[in-house]
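Each chain, letter by letter, is given below.
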Amino acid sequence: MSLGTFLIMRHELLLIAAALLVLIAEIFCNPDQRKYISLFSIILFGAITIAGFLPSTAGVLFGGMYVSTGTTLLMKNILNIGVLIVFIQSVTWLNKEENSQKISEYFILLISTLVGMNFMISAGHFLMFYIGIELATIPIAALAAFERYKNKSAEAGIKLILSSALSSGILLYGLSLIYGTTGTLYFSEVATLFRNSNLQILGFIFFFAGMAFKISIVPFHLWTADVYEGSPVNITSYLSVISKGAAVFILMIILFTVFPVIIATWQKTIYVTAILTMTIGNLFAIRQQNLKRFLAFSSISQAGYILLGFIGGNQLGMASVIYYILVYIFSNLGAFGVVIAISNATGKENMDDYNGLYLTNPKLSLIMMLALFSLAGIPPVAGFFGKFFLFTAAAQKGFYLLVLIAVLNTIISLYYYLLVVKAMFINKSETPIEKFNSDFPTRFAMGICVAGIVVTGFASVIFEVIRNLSFGA
Amino acid sequence: MDILTLFVVIPVLTITGILFLKDTRQVRLVAVFGMGLQLIMAAVLVFLYLSARHAGNSDEMLFVKDYLWFKSLNIHYAIGVDGISVAMISLTSLVVFAGIFASWEVEFLTKEFFISLILLATGVFGFFISIDLFTMFLFYELAVIPMYLLIGIWGSGPKEYSAMKLTLMLMGGSALLLVGMLGIYFNSAPGGGQLSFNILEISKVSIPITAQRIFFPLTFIGFGVLGALFPFHTWSPDGHASAPTAVSMLHAGVLMKLGGYGAFRVAIFLMPAAAKELSWIFIILTSISVVYGAFGAIAQKDLKYINAYSSVSHCGLVLFAVLMMNQTAMNGAIIQMISHGLMTALFFALIGMLYGRTHTRMINEMGGLMKVIPFLSVCYVIAGLASLGLPGLSGFVAEMTIFVGAFQHPELFYRIVTILAVSSIVITAVYILRVVAILLLGPTTNEHFEHLTDAKWFEKISVVTLIGSVAAIGLAPFWLSTMIGTSLQPIVAKIIALNPF
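In order, the protein sequence lines correspond to chains A and R.
Under the numbering used here, the first residue of the first sequence is numbered 804, with each subsequent residue one higher.
Under the numbering used here, the first residue of the second sequence is numbered 63, with each subsequent residue one higher.
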């Protein structure tokens, strides 16, 4: 193996180097200089994000364990963009007194989860996939418990690690059944050896259930709301966007490449879980008062819409899912950005606290509205295009009834998104959140999100590029 | 840049301009300037259109421009107009123009109000110029969503409830529409080949009848919700009653026409076979709309509710006529859209002005206003007379044409429903005349009313613009109906060729 072939793993190598550099920087910092670690990490990561877009060769490493294609590179780049926004959004929070000792830990842990996700996406073998998924999960549990002096945060950490362990167990059981019946764990070989035997279907179901935990698909969503509420907001936004996005990507790749033989089976599974996920996520979101819980349930229902892109097993479906994740990164991080800014400035996280926000903080309210409309799929923002393509992909394979259920669900979701808009624009409050100015990183991150929300939809070239890199029947 | 795109660009520029202003007066001036320009553009468009037709250009759509947008799905930004869309665009610019003057005295968050209002107008203009289903749908939703803020923030009464109900019901309609649209798209090339969202291209192929049976009802109901099709009309009274004046004007005057126009241009034009087959169901529903709306108006005491129910009745008549699927009735449907748009906008403007003075909208609390504020009262009478179909005003032309067309059907069913629908004219006369009698004539019941002032200059501009147009259509209807008729001919010819009756 020469250096050239080794560079196929460029994304992962760069990330590992970055994590190490942050660690070394931490050693040489005295306490006063610690706050520069954020700046250093963000610049480093920004460079990595840009480097990700440099032309790269596709290829296979380690005898097929690691596969890099145009599609995986695209997925990694999209995740990089999201993580960069999360990093920038975290600066204000990390600068707080109580976090000043842990700045570098935050970055190192997040970068290592990202390394795990990248390996997971590039996996060509179930073992590599499993290692990736574990590497992506365990550091997150530490991060969820980042504010360990708070009971809720510690609780979130332990809940996340326990439910992940359970889901990994289920996943492994499924994989062992698949290994037992096919004798191999290579994706390409499993794909050819997979028959429609009952044992294999059972293995697939366990595998799917394990993944459903990660994506928080109903009925495997129960951990989501508590963990999202307890974790620090920045980690919540990371969990709801990046972790979910990565799991969606790899599940899609595996369904499309490893299990095309049993497409009829997984279409039924997805049909049912998609309906359940959308509906239950939406119905529970209506009742939430805490905005973090609110966004948690909204993100559950978003996963339901994303499943609509899977169901056809078609190229348009894969393109629409990748595109939707990109749009979802901007929209959800935009919404979280506002929640983070307000939480940092006032510590308030409830919907009632947002009453009359427009009169005191018009810009924040507008950004929030834009982000929520994008999540709801209202034109002219990007979410509309994203949802439209997802629905088109499902309709292409004739799932009109499912599409109808999904669009009716978007009406329910519109209801609760409008509740927030109503709080900000229509409700009156005697004690509104006072006018405050956010610092530069917060505003910069919001700027990226707003630009993303507005531009991604109209710029058709983005969708076309994604579509050309997608595959499917 | 082509002339049609300007209809979207001008409002967007106006919004951008308003965004950077602080002073209320400047905001109003920029809004008036922008929408005045839009009105002039509409006049220019009518002129260009007529001269192009006069010069012998017999294309189905004129000023067609087509830009590829999403290549892989064959989504285009495609625009073009025929006589019908030109008429609708003129209507929209008139009502928006009048609406700006009617909301001259909005004090609270003035800037945001005008931005939302013009954003709504942008959606409507975009809808009428689109000939690509995707852009059409995009503009349709763009027009609906500002309503939530407009009613929720600047409305009155149970505004939050009404705003939410209206938004969710209309979005529910658009949900059905989305599925219908996807169904049309994936069946737009039954013989294989490139799928298309372009209305003109789809109209050249015939969508398989099995698909039509599924997607025609979805599309028709989807648009029907906006056109106040019974039983999906319930958003309309609440929404109109709670909305601020200009929003009621725009909504009843223009936005509800999106429903009729879409039902005609998309549902019936693209899927005529299923339309023919299933029209009886919808004819029954629209007949109920027509009669029930009229009766509903009788029962109301709040002026805005009366007018909202009357809108249900009149817009029901539009869908009713469209479903008759012959040249005369359809012609009437389009004229009715224009006529009702102007007339109802006039009504809502006047109600807003009366409310601003008397601080009540209940008819039994008012009386004898003719003596105190003659200008507004006379205008109200004119609006009322137009609404009940007095010859010489636009309402007569429209309803006459519709009923003549509808009665042409030889089958008994069509004749019976027509007779039922005609009865609405009588009921309309009852509630209009009752309102006029109580409200304007008779003794002045409230001392406070004796010191009311008559219309201010900006109110006069708003009202006169609308009355002028109503009278113009009433006195010279052929000018309008020729413009519509020539554009209708190919459409009707296609429908009739498919199902001769």
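FYI, nobody ran anything at the bench for these hints, they're computed from the structure.
Ideal Cβ placement from N, Cα and C applies to all residues, glycine included.
Be a bit skeptical, because a hint or two may be false.
Pulled from the structure, derived: some chain A residues nowhere near chain R, Cβ distances all over 12 Å [as the list claims (entries may be wrong)]:
hint: 1; residue: Ile-840
hint: 2; residue: Ala-968
hint: 3; residue: Phe-997
hint: 4; residue: Ala-1012
hint: 5; residue: Trp-1069
hint: 6; residue: Leu-1169
hint: 7; residue: Tyr-1203
hint: 8; residue: Thr-1213
hint: 9; residue: Pro-1235
hint: 10; residue: Phe-1261
hint: 11; residue: Ser-1263
Where chain R lies over chain A, by a calculated footprint (3+ residues, C-beta under 8 Å) [claimed, not checked]:
hint: 12; segment: 936 to 950
hint: 13; segment: 976 to 985
How the hints compare with the structure:
1. The Cβ of Ile-840/A sits about 39 Å from the closest Cβ of chain R, beyond the 12 Å cut-off, so the non-interface label holds.
2. With a minimum CB-CB distance of about 40 Å to chain R, Ala-968/A clears the 12 Å threshold, and the non-interface call stands.
3. Under the 12 Å C-beta cut-off, the non-interface status given to Phe-997/A relative to chain R holds; the minimum distance is some 30 Å.
4. With a closest Cβ-Cβ approach of about 30 Å to chain R, Ala-1012/A is found to remain outside the 12 Å limit, as its non-interface label requires.
5. For Trp-1069/A, the shortest C-beta to C-beta distance to chain R comes to about 22 Å, beyond the 12 Å cut-off, and the non-interface label holds.
6. With a least beta-carbon separation of about 10 Å from chain R, Leu-1169/A fails to lie farther than 12 Å from that chain, contradicting its non-interface assignment.
7. For Tyr-1203/A, the condition that its CB be more than 12 Å from all CB atoms of chain R is violated, with the nearest at approximately 6 Å.
8. Once the 12 Å rule is applied to beta carbons, Thr-1213/A is inconsistent with being away from chain R; the minimum gap is 7 Å.
9. Every C-beta of chain R lies more than 12 Å from that of Pro-1235/A, the closest at about 15 Å, which supports listing it as non-interface.
10. The claim that Phe-1261/A lies off the interface is violated: its Cβ sits roughly 9 Å from the closest Cβ of chain R, which falls inside the 12 Å cut-off.
11. Distance to chain R contradicts Ser-1263/A as a non-interface residue, since its nearest Cβ pair spans about 5 Å, not more than 12 Å.
12. Requiring three or more residues with a Cβ within less than 8 Å of a Cβ of chain R, the coverage given for the segment 936 to 950 of chain A is violated, as only 0 such residues are present.
13. Beta-carbon proximity to chain R at under 8 Å applies to 0 residues in the segment 976 to 985 of chain A; the threshold of 3 is not reached and the given coverage is violated.
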